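Asker: Residue strings, one per chain:
There are 2 protein chains.
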Amino acid sequence: MLPQDDLQDLLAQAVEIVEATTQIVAEKLHAGFTYRFKEDKSPVTEIDTAVETFVRAEVERRFPGHGVLGEEFGASQPGGDYQWIVDPVDGTISLRHGIPLYGTILGLAYRGEPMLGVIALPMLNQIASGARGVGAFINGRKVELADVNTLGGVPDQVIAVGDRRQFIAAGRVDLFDRLFELHPVVRTYTDVFGHVLALQGSVGAMVDFDLKAWDAAATRVLIEEAGGRYERLPSAPGREDRHDVIFGKPGAVAWLLEELGRVGVL
Amino acid sequence: MLPQDDLQDLLAQAVEIVEATTQIVAEKLHAGFTYRFKEDKSPVTEIDTAVETFVRAEVERRFPGHGVLGEEFGASQPGGDYQWIVDPVDGTISLRHGIPLYGTILGLAYRGEPMLGVIALPMLNQIASGARGVGAFINGRKVELADVNTLGGVPDQVIAVGDRRQFIAAGRVDLFDRLFELHPVVRTYTDVFGHVLALQGSVGAMVDFDLKAWDAAATRVLIEEAGGRYERLPSAPGREDRHDVIFGKPGAVAWLLEELGRVGVL
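Order-wise, the sequence lines are chains A and B. Residues are numbered in the numbering used here as their position in the first sequence, beginning at 1, plus a constant of 67. Residues are numbered in the numbering used here as their position in the second sequence, beginning at 1, plus a constant of 67.
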């Protein structure tokens, strides 16, 4: 375990780095940007590459011995104790179409254990941050999730879900479709926008499948530090690198696990 | 038809009124607000009633002979040539949960024909406005929808859809479910947030069912003035007061009408 003093300093520096990326996003948006499709057919813009280049340079400058894994440029120093993970733009489909619900993710693991996470939603002026034992914050204000209360209970909450194509990729489109039948207000609040809605309790929980390591790099620490529950489901063989997760208010996560199990899709 | 000079003045005044409501929303959010459930089980907050009270008073003060129809307080002077329609908070479920994707709608019809529309998304600092023959604007900048281009075509667009419960209410849940099978990126961008995404071309089109008059009060004028297509589908008997609509880029609307027809849900 890291001493907590170190972690508070690391968190403060991670927030500085991520805050600075929101300027890069704003400038590139203003100037206009191009995009291309990667081999896996996912789109990548100049904003993705500019943000990741900046974050990698900052981490290397501030923490010379630490490793960095990023969506666009892979891994550097993969053997070290400290590993940063960056997703420069989570929600590139949204960014490309001008839907203001994308964000930047930065996480840090120490000997494989996630220790801190930061998410910026630049178009919503929100920065979520948190570290183990330090707490979770949105724009510097501490977040503590109220569990589902009895007034209305879980059906009165909104449930967030990722895009259906993520569930197709995970071979679990049955779960996506049944979710809409089980709960009256399921909404596709995809990418880190949904993660921040879960952190602030705006949705009872989120069901998000087929995430890569960088998509999930910040969320477990944030949700757990806010008093929420984060469940990573067992992966099917060959999908060990993907994260299929349900997280949010403990009562809502429990309800989802039970209901999805009851109808045989979990 | 109204002379265009009158319409430009009416539009400027409507924008003033709607801009002022965003202050009311901000103040009430800051102070905290309560909510209750109406007879139809939809939630209503103090913000809904405060905004509608303000808009009605402004319309009555500025245009003494005009009628007003509002979601919360019904109709006044329903026989006159000029009829304003107001939805103080479209997306009350979102507002109540702190999801920042709700808005205020104000429309004006002259002898039954929609003439102008204004939508505010207070948490996104966006005001959409438009009038017949005057054009459509977002934050004062003219909007002209580019039609679907050939690069990627309609499957490369995002398609917005309302909540599944609206389709259940309309007896058309089959259409909601098939839509997700027909197109790879369908997202529930509900309420006027989806309408503004369609106006700015961020989604190719939106499929929105079971709207009441005030939910749809601004959108037709905005979309058509931006060069888009707005289709209101025929209502089943007993549902004549509900609007089942598809709107957005002409090519995307045409694609949806054809595909939904082909699979037998339209």
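Please keep in mind that the hints were generated in silico from the structure rather than gathered at the bench. Bear in mind the structure is a predicted one, so any value in this text is a computation, not a measurement. Cβ coordinates follow ideal geometry from the N, Cα and C atoms, glycine included. Watch out, some of these pointers could steer you wrong.
To be verified - Quick look at which bits of chain B chain A covers, simulated, 3 or more residues with Cβ under 8 Å:
hint	segment
1	70-79
2	84-92
3	313-325
As the list claims (entries may be wrong) - Not everything, but these chain B residues come out facing chain A in the computed CB check (under 8 Å):
hint	residue
4	His133
5	Ile160
6	Leu264
7	Gln267
8	Arg309
Claimed, not checked - Now the in silico label distances, taken between C-beta atoms and shown as ranges:
hint	chain 1	residue 1	chain 2	residue 2	range
9	B	Asn206	A	Ala98	17 to 27 Å
10	A	Val330	B	Gly202	22 to 32 Å
11	B	Lys279	A	Pro222	16 to 26 Å
12	A	Pro251	B	Glu86	50 to 60 Å
13	B	Gly99	A	Leu96	31 to 41 Å
14	B	Leu324	A	Gln144	35 to 45 Å
15	A	Leu96	B	Lys279	49 to 59 Å
16	A	Ala87	B	Lys279	15 to 25 Å
17	A	Ala87	B	Glu94	39 to 49 Å
18	A	Ala98	B	Gln90	46 to 56 Å
19	B	Phe140	A	Arg103	30 to 40 Å
Asker: Does each hint hold? Answer for all of them.
Answerer: A quick look at each hint next to the structure:
no. : hint                            : in the structure
1   : 70-79                           : violated (count 0)
2   : 84-92                           : violated (count 0)
3   : 313-325                         : violated (count 0)
4   : His133                          : violated, 35 Å
5   : Ile160                          : holds, 7 Å
6   : Leu264                          : holds, 6 Å
7   : Gln267                          : holds, 6 Å
8   : Arg309                          : violated, 19 Å
9   : B:Asn206 - A:Ala98: 17 to 27 Å  : holds, 19 Å
10  : A:Val330 - B:Gly202: 22 to 32 Å : violated, 50 Å
11  : B:Lys279 - A:Pro222: 16 to 26 Å : holds, 23 Å
12  : A:Pro251 - B:Glu86: 50 to 60 Å  : violated, 34 Å
13  : B:Gly99 - A:Leu96: 31 to 41 Å   : holds, 34 Å
14  : B:Leu324 - A:Gln144: 35 to 45 Å : violated, 54 Å
15  : A:Leu96 - B:Lys279: 49 to 59 Å  : violated, 35 Å
16  : A:Ala87 - B:Lys279: 15 to 25 Å  : violated, 45 Å
17  : A:Ala87 - B:Glu94: 39 to 49 Å   : violated, 32 Å
18  : A:Ala98 - B:Gln90: 46 to 56 Å   : violated, 32 Å
19  : B:Phe140 - A:Arg103: 30 to 40 Å : violated, 53 Å
Violated hints, in rising order: 1, 2, 3, 4, 8, 10, 12, 14, 15, 16, 17, 18 and 19; the structure is consistent with all others.
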